[in-house]
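Peer 1: Can you build the whole structure from these sequences, using the hints too?
Taken in order, these protein sequences are the chains called A and B.
If you count by my numbering, then the first sequence holds residues -7 to 517, one letter each, in order.
If you count by my numbering, then the second sequence holds residues 29 to 424, one letter each, in order.
Rather than coming from a laboratory, the hints here were simulated on the basis of the structure.
It is possible that part of the hints are untrue.
Claimed, not checked - For lysine-lysine, the following BS3-like pairs were computed, each having C-alpha atoms within a straight-line distance of at most 25 Å: (1) A:396 / A:455; (2) B:283 / A:378; (3) B:283 / A:215; (4) B:283 / A:396; (5) A:235 / A:215.
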Amino acid sequence: MAATGVTGSSPAAGSPEGAPLAVELRGITKRFPGVVANRDIELRVRRGEVHAIVGENGAGKSTLMKTLYGMHRPDEGSILLDGREVHFRSPADAIAAGIGMVHQHFMLADNFTVLENIVLGSEPTKGGRLDLAEGRRRIRDISARYALDLDPDELVENLGVGDRQRVEIAKVLYRGATTLILDEPTAVLVPQEVDELFGNLAELKREGLTVIFISHKLDEVRKVADSITVIRRGTTVGEADPKTTTARQLAEMMVGSELPSPETRTSTVRDVVVLELRGVTVATPGGRPAVDDVDLTIREGEVLGIAGVEGNGQAELVDAIMGLRPLTAGTVLFGDQDISSWSTRDRREAGFGFIPEDRHRQGMLLEGTLWENRILGHQTRPPASKGWFIDRKASRSDTARIMKDYDVRAPGPDTLAVALSGGNQQKLIVGREMESGPRLLVAAHPTRGVDVGAQAAIWELLKDARAEGMAILLISADLDELIGLSDTLRVMLRGRLVATLDPGTCTPEQLGGHMTGAHGTAGAA
Amino acid sequence: MSVVRRLGPALLAPVLAVVVALVISSAVMAALAVNPFDVFGVMLDFGETPGQQITAMVVIVNRAIPLFLSGLAVAVAFRMGLFNIGVEGQYRLATIVAAAAGAAVTLPGPLHIGFIVLVAVVVAALWAGIVAVLKVTRGVSEVISSIMMNFIALGIASYLLTGPFRGSPEGASIIATADIPESGQMPGLNGIFDLFGLANPPRQLYGFLLIAIVVGVLIAVLLNRTRFGFDLKASGMSPSAASASGVNARAMVIKTMLLSGAVAGLIGLPDLLGNTHSYTTDFTAGLGFLGIAVALLGRNKPFGIALAALLFAFLDRSLVPLQIADYPSSVVTIVQGTIVLAVVVANEIARRVARRSAAGGTAAPSGGPTAGDGSTGAVPTPPPPGSTDQRQGAQL
Ligand SMILES: Nc1ncnc2c1ncn2[C@@H]1O[C@H](COP(=O)(O)OP(=O)(O)OP(=O)(O)O)[C@@H](O)[C@H]1O
Ligand SMILES: [Mg+2]
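Peer 2: So, in structure tokens, the structure goes:
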């Protein structure tokens, strides 16, 4: 590590003032059958700081945090909190010690309300009876104090990813955590939301709380972290000072490669219209429609980017296009066919590819094997099936091929999906959708949770597919990705497409302004 | 991958369950001042002569056939996280209608049997279909509605038996439907004993055994090798991911319940076609509920269900010898009951073990009850179709 601003992980990097560290992990090793997820990891986190952990997909970040959170026990090494060694047997022990964790993948019960989700497991009681009023009051309190903006009685089912994120954070705060672990909290948040979140974090920090967070967005990490630990292939490669280390140097420490850029080359937009929406409206039970009178057209070789703060109808729009939600009004045309009444399967078979925003909810069978996940969504076509039968042999070998081509790091096609790191799951999904050669790809956050190297590879794939005539609907919270890849940019606000921007000229700041409605609702540029 | 590694986790749960059940029931027997080893001795004693031993085995297999079919019916629905508690009502209603229909017509041999089977299958499937329709149109939990439908089915069955379908003379001690004529009776398989030069027992081995085996193989192929089976399994693992992959959640519920019901329709037929030839007030009851336990123990896999059915049949057979030896026959019920409890616990343990060693990729926990039995913690009931993922907390 020759980069400037990088110190080795020698004990000297610990705590200069001699005050005990809030969290110290010493020589942690964690093995899974066939994989060493963590090898001799060192981590030192001072009280009241924001400490970032970075590293490529499968480096072992989530595994390390799960160890700290008591979800599994390390094979070797020790955990020290405030200088004292602890042994957690379960997350309950960790919570009791003041540690809270927001997972990379949400763990909320959809058919419960925000309130029920938050109190679940530590229900407030009065005289032995569940005291929801007290719970509601405390949640309102936490919500106001950290500007989380939560409605305790909303069903989680109806919330977008950004809101779910805040519910998870509230859940942790509700349990009185003094050390917060956030595993990729910003993966699907747009910049404004990220700023809000970081505002909240600063607030937490001022109150003496310690925050450990994992992210693949290196600029963001440099902006908010007080110190950074870099992990590569399961072991610590060093600490870095965010003030003196550049994103490029960080990336080099992580993967040894350069930072990619999403820039597309020349336009490849052709004349043939692939998808057209006319006046598409999707109602929500009570209240204004989630998608309100949306018109849009995507042509062959075109990437249509939709920008918007999470929860402004993007998820419902995607569901409507995929046939997962009924339209209340409007038509969906594929080529010149009206497909408004087609089932999801009809659409899939006609050539719709789908990368969902929440891969665990809509994209994967966690209990299933990788080959089963490979054919999910493509089970009616070769290589997945022959006539009415599933072709296991062809599915397995095709899965092995995709794993190789898309760098999915796992033992083999019979591995369970749940054993993969988040980024590797994403790569498998991207691989299976691209390999089916769709005419239209609906891609929601296609690079969510993948490291900088994989991100560059996915961008290349999308560009190549576009050059070959694939139509792509791109939804992303990463504004650089949106601006860089899109041929046309539309902004979605409160269910409507409110502006059309030229990605060639608009800046992330302008785009951000439109997304929050600061630019008025008139079409610009 | 070695066979042991493949089968190890799959066998772990049921073996553990049986062992735990044996230990607990031994303790109960000891508390009742009964020597458990004597009791187990009686249970394992199949008689002195080869003839008696073969008879005992025929009794066990004959009992295992309907239990196997019942377990299969339950498992088909379990695989997609549906709880078909209504198997009991489905087969009872199907059997009485099939018995009456079979007695009312005369057809050449195989056709007559085929007709009876068809009637039973259709009646049970339609009855189960009502539960499915209620679920997809009104969101009624299939657990509740299928239990309710059981009461209705039993009520209808006894009305039919005492009313329109009554075939026994006025004042007979047992009320029965009219006998199915000879052409609709299924011959036994005792020929095979002669073939192997074994003693031919007085009891007939049900010919329905062959049909049950064929059905078992068909269901196994359907669940594991076909697109339909994949869709079903995917729906059980994650309804939301299945929908996004193009599975029509509502249609899937209906198809699965129809299939589960169709298999349930067969449960009463081994006895009806091979032995009683009429539906009576004391026709074998309770098979539908036992099927739930059998499916659990067999981990929803046809082969496992066959073994579980044999185990339960073995336990059932020992009822009579135990009574003869003056032991409480409730011992058997206790063993069966503890097996069911132990299975639920053991399945959960096995699931966690499998998950821990998931990287090997061979320790796939089966779908079915583990996929929707509330073991995910936060969500106590299986979610309605098309609802969102029940897998949160999966990593806990
Ligand atoms: N339950 C498990 N069983 C087996 N292997 C596992 C399990 N959980 C994680 N692994 C393996 O451990 C390694 C580290 O995974 P981990 O989830 O910690 O990565 P990560 O750094 O969080 O990556 P990402 O950025 O993609 O989320 C991976 O190779 C993964 O396949
Ligand atoms: Mg991770």
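Peer 1: None of the hints should be skipped; say for each whether it holds.
Peer 2: Verification of the hints:
1. A:396 / A:455: 20 Å, holds
2. B:283 / A:378: Distance ~21 Å between residue 283 of chain B and residue 378 of chain A Cα, so the pair holds.
3. B:283 / A:215: 55 Å, violated
4. B:283 / A:396: 38 Å, violated
5. A:235 / A:215: 8 Å, holds
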